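Throw the hints in and build the complete structure from the sequences for me.
Number of protein chains: 2
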Amino acid sequence: MKPVHVVGVGMTRFGRLEQSITELAVEASLEALKDSETLDSRFDRLIIASQNPDEFTGIGHLSTLMADRLGFVPSGATRIETGPSSGSSAFEVAVAIVGAGMADLVIVIGVEKMSEVDGRSASRILSKMMSQESETRYGATPAALAAMVARRYMHDYGLTRDELSLVPMKAHRNGAKNPLAHFQKEVTIEKVNSSPIVADPLTLYDCSPVSDGAASIVVASERIVEESGLRDRSVQVLGIGHATDHHAVQHRLSLTSLNATVQAVREATKMAGISPTEVDVFELHDAFSILEIINMEDVGIAPRGSAIELIKEGVTDVDGDLPVNPSGGLKSRGHPTGATGVAQIRDVVLQLRGAAPKGIQVESPETALTHNIGGFGNNMVVTILKKGS
Amino acid sequence: MKPVHVVGVGMTRFGRLEQSITELAVEASLEALKDSETLDSRFDRLIIASQNPDEFTGIGHLSTLMADRLGFVPSGATRIETGPSSGSSAFEVAVAIVGAGMADLVIVIGVEKMSEVDGRSASRILSKMMSQESETRYGATPAALAAMVARRYMHDYGLTRDELSLVPMKAHRNGAKNPLAHFQKEVTIEKVNSSPIVADPLTLYDCSPVSDGAASIVVASERIVEESGLRDRSVQVLGIGHATDHHAVQHRLSLTSLNATVQAVREATKMAGISPTEVDVFELHDAFSILEIINMEDVGIAPRGSAIELIKEGVTDVDGDLPVNPSGGLKSRGHPTGATGVAQIRDVVLQLRGAAPKGIQVESPETALTHNIGGFGNNMVVTILKKGS
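Same order as they appear, the protein sequences are chains F and Y. For the first sequence, the residue numbers in my numbering are 1 to 389. For the second sequence, the residue numbers in my numbering are 1 to 389.
The set of hints was computed from the structure by calculation and includes no laboratory data. These figures come from a predicted structure and were not determined experimentally. We put the beta carbon where it would ideally sit given N, CA and C, even for glycine. Any given hint could be a false lead.
Covered by chain F, according to a simulated footprint, are these stretches of chain Y (three or more residues, beta-carbon under 8 Å) [as the list claims (entries may be wrong)]:
# : stretch
1 : 47–59
2 : 85–93
3 : 235–244
So the derived label-pair ranges between C-beta atoms look like this [as the list claims (entries may be wrong)]:
# : chain 1 : residue 1 : chain 2 : residue 2 : range
4 : Y       : Pro179    : F       : Arg231    : 50 to 60 Å
5 : F       : Ser254    : Y       : Tyr138    : 53 to 63 Å
6 : Y       : Lys2      : F       : Glu227    : 22 to 32 Å
Laid out in structure tokens, this is it:
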């Protein structure tokens with residue numbers, strides 16, 4: 001594969017926002033274009049990730065709509081959907097297109113506008129990604145499945161409620177310093193434990209919110225990086241992995257490990273030629289607090305059953321050896337589903353440039369790993385990125 | 001880019017079918033797998049095209065669902081959507097992934113199950129691909145836009161109603177010999193002219209139907225073709241082009257030419273190194289009869305305003321010099337939107353193998369071109385394929 005680089009990033013505030021889906025996508029994209037200094041270049045392709053714009057907003061055919069709005073016509077435009085991992089699946093497609101030499105310059109946009117429908121409708125729309133035969137017909141929701149996973153993990157490894165609360169506390173501690181995060185306030189253990197139960201044992205603070213937002217990345221070939229003089233601030237794609245697991249949770253071998261993560265990490269690290277513990281900063285898909293714990297173990301930075309020890313010891317704090325979700329993660333940064341994977345990559349690109357917000361910049365990271373979940377734990381994309389030089 | 005081949009194809013009957021969306025996708029895929037003799041191989045990726053399964057069927061996250069159903073877990077799986085050109089956009093992504101060397105074996109599936117909703121709902125769902133601001137809010141539908149285009153073309157070039165009827169007549173003449181076509185009967189000029197008006201001047205027989213169906217293609221690297229001994233029946237991807245036009249028809253330079261076709265053909269022919277008139281067989285996106293005429297001119301096989309002369313002279317018949325839509329096209333084969341682009345490629349692969357149904361096999365074609373439209377004429381994918389040897 002030819003070398004592939006990220007040369008520009010942009011992101012809107014995440015939260016419950018006034019802007020329309022197209023306005024959000026335009027705002028993030030214009031920032032990425034400005035950041036990459038490629039405003040005058042011809043983009044060969046536009047790749048947009050959105051889980052379900054048709055039902056969340058009534059607007060379809062987002063690929064062409066955005067190519068038109070951004071002035072990219074006649075460049076080819078494609079929408080990618082793999083549930084909440086749509087953002088990094090879109091990045092994977094951009095990497096393939098540039099890696100094959102089919103294009104030199106590709107813009108990736110991730111966007112979701114979820115707050116136009118009420119909470120009940122949002123849950124109904126999101127639940128379509130689950131198994132109808134084995135899950136939704138019995139009233140299961142993503143939160144209900146996460147609760148079942150948390151119960152099993154607690155049973156198997158002795159994790160306590162107070163320990164689990166450390167995950168959202170860390171998320172909010174980091175997110176409080178992220179000016180684009182949906183929630184920018186710290187929370188106490190009492191607050192987490194006493195907030196309303198969503199699905200026992202998970203409370204409101206164990207669950208990522210329904211958010212609006214967009215993020216964007218400019219992906220470029222070696223030629224563009226060479227000609228543009230952007231090498232100093234470019235970030236190289238070292239590895240990418242994409243794997244699935246059985247659609248329904250009940251068909252999987254384990255409740256406390258997501259095998260698709262293990263497989264995607266294997267593929268990405270093999271391509272990158274480094275091991276997970278060598279990576280300097282991580283963004284892991286913590287749609288529910290219990291998932292951050294399981295992800296750490298599946299990614300391979302914590303032994304099975306012991307991720308909570310690393311969290312307690314501060315190893316995953318911003319100033320720890322293995323910083324996880326300095327952005328605040330999905331819990332605090334927010335989770336506009338189609339945008340999340342793109343936002344993760346945007347955030348680690350800023351980390352690698354040393355340009356993350358004050359208080360959440362990791363010290364001189366050289367490599368980063370993002371991990372994005374689609375469905376309930378069955379469609380994972382993992383990327384490994386390296387600082388340019 | 002590394003060489004990319006098609007080594008297997010499959011397709012269900014198109015029409016109003018009993019099977020569910022997953023049953024259709026499985027049927028087409030199993031046929032493609034059997035055809036490619038790769039049933040025991042590990043597929044690296046599954047790419048599925050579907051315009052709007054969530055709203056047409058209530059089933060989402062089709063990528064993982066199909067990876068599970070087909071036994072491809074843990075291979076990565078991705079859904080692609082560009083409106084009715086989703087099928088060939090999915091093929092483009094598969095070509096990029098294999099072309100980059102990220103995978104050796106990729107299955108592409110195109111599927112749409114449209115008949116679970118009533119006709120009015122289907123029209124509402126499909127119309128989301130149009131511009132809300134400039135089109136749907138004024139009550140426009142795809143058929144209404146096509147009628148406007150037809151009126152303008154008739155005004156500019158003197159095309160008559162009787163002449164336009166030759167297009168669906170040819171489609172049905174070919175489709176009558178295609179055992180998988182939605183409609184398998186010939187129609188007379190009286191039948192076309194006297195059928196109900198959908199949008200004046202277009203009658204029912206000028207419009208492709210709402211169909212259910214699936215098609216599938218196995219895409220493979222040079223290594224697989226070499227090792228499998230499938231070279232004799234493999235088809236090579238010579239070129240691929242993807243382009244957009246302004247979202248709303250009113251913002252385009254012309255009503256009687258779709259510029260995205262011109263751009264996509266330019267890109268595909270440049271990559272393939274051949275000119276359109278050198279191609280031996282064509283599948284062009286005739287969602288409405290007037291589009292076959294315009295497509296012929298935009299693709300570059302008929303001078304502007306004169307496509308109808310070629311049709312009259314039989315040049316685009318199965319035994320003509322430039323056979324267009326020997327399958328029956330969207331009009332007669334049917335148009336399950338996400339499946340159409342994949343079905344077009346499947347059909348020309350059979351043509352290049354000399355394995356098309358009796359009566360619609362073109363004589364010894366060496367090269368083929370497919371042209372697939374997304375939105376109302378604003379997201380085009382063109383592929384050029386060559387017989388293996």
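(message) The hint says 50 to 60 Å between Pro179/Y and Arg231/F; measuring C-beta to C-beta, is that right?
(response) For Pro179/Y and Arg231/F the Cβ distance comes to about 57 Å; the hint holds.
(request) For the range 53 to 63 Å, tell me whether the beta carbons of Ser254/F and Tyr138/Y fit it or not. (result) holds (54 Å)
(request) Mind taking a look at whether chain F covers the stretch 235–244 of chain Y? Criterion is 3 or more residues with CB to CB distance under 8 Å. (result) Three-residue rule met by the stretch 235–244 of chain Y, so holds; n is 5.
(message) For the hint 22 to 32 Å, verify it against the beta carbon of Lys2/Y and that of Glu227/F.
(response) holds (24 Å)
(request) Check, residue by residue, whether the stretch 47–59 of chain Y contains three or more positions whose beta-carbon lies closer than 8 Å to a beta-carbon of chain F, and give the verdict. (result) holds (count 5)
(request) Would you check chain F against the stretch 85–93 of chain Y, counting CB to CB pairs closer than 8 Å, and say if three or more residues qualify? (result) holds (count 3)
Violated hints: none; the structure is consistent with every hint.
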